[in-house]
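Full structure from sequences and hints, please.
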Amino acid sequence: MAAKEFYDIANPQIAYCHKFITSQVQLAARLFKSNAFSSALEVDILGCWYIVVDVQIQPQIKECRWMPPPPTIIKINTDGATTETTAEIGMIFRNHLYEFEMVAWKNVGMIDSYITECTTIVIADEIAVSKG
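For the sequence shown, numbering that gives the first Met the number 0 gives the first residue as 0, with consecutive numbering after it.
The set of hints was computed from the structure by calculation and includes no laboratory data.
Hints should not be assumed to be uniformly reliable.
As the list claims (entries may be wrong) - Okay, derived cross-link-like pairs now, SDA-like style, lysine to any residue, Cα gap no bigger than 25 Å in a straight line: (1) K61 <-> E116; (2) K130 <-> E116; (3) K74 <-> K105; (4) K130 <-> T71.
Bear in mind that the values here come from a model prediction, so they are computed numbers and not experimental data.
Below is the structure:
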């Protein structure tokens, strides 16, 4: 008789815990911004939690080419890269003949990727203005 009473008391707690954990997993899935659920195993695991995901077809790689600027313009291509400990920026200045006018690189310390990209553009513009 004591065992039956234990199970009767334990079952509502297990049901509550299961419901709570399921709701938390579903909430995390809704808040998760990425769509990296591409493997069948990931989709199956999420399906067990009643989370439906759209398996998206990966974009195809397309050929692209660098287009030179008009003869009186210098084109600037910029990029910023970050790690957990540092951020670096780089820029390339090219003319209409595909020739490099200038290449620059700098370690800018510890900032996030968005600020790194913005910093790269601002510094490239400052260099362009200073060079005329």
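Violated hints - listed by number, lowest first: none
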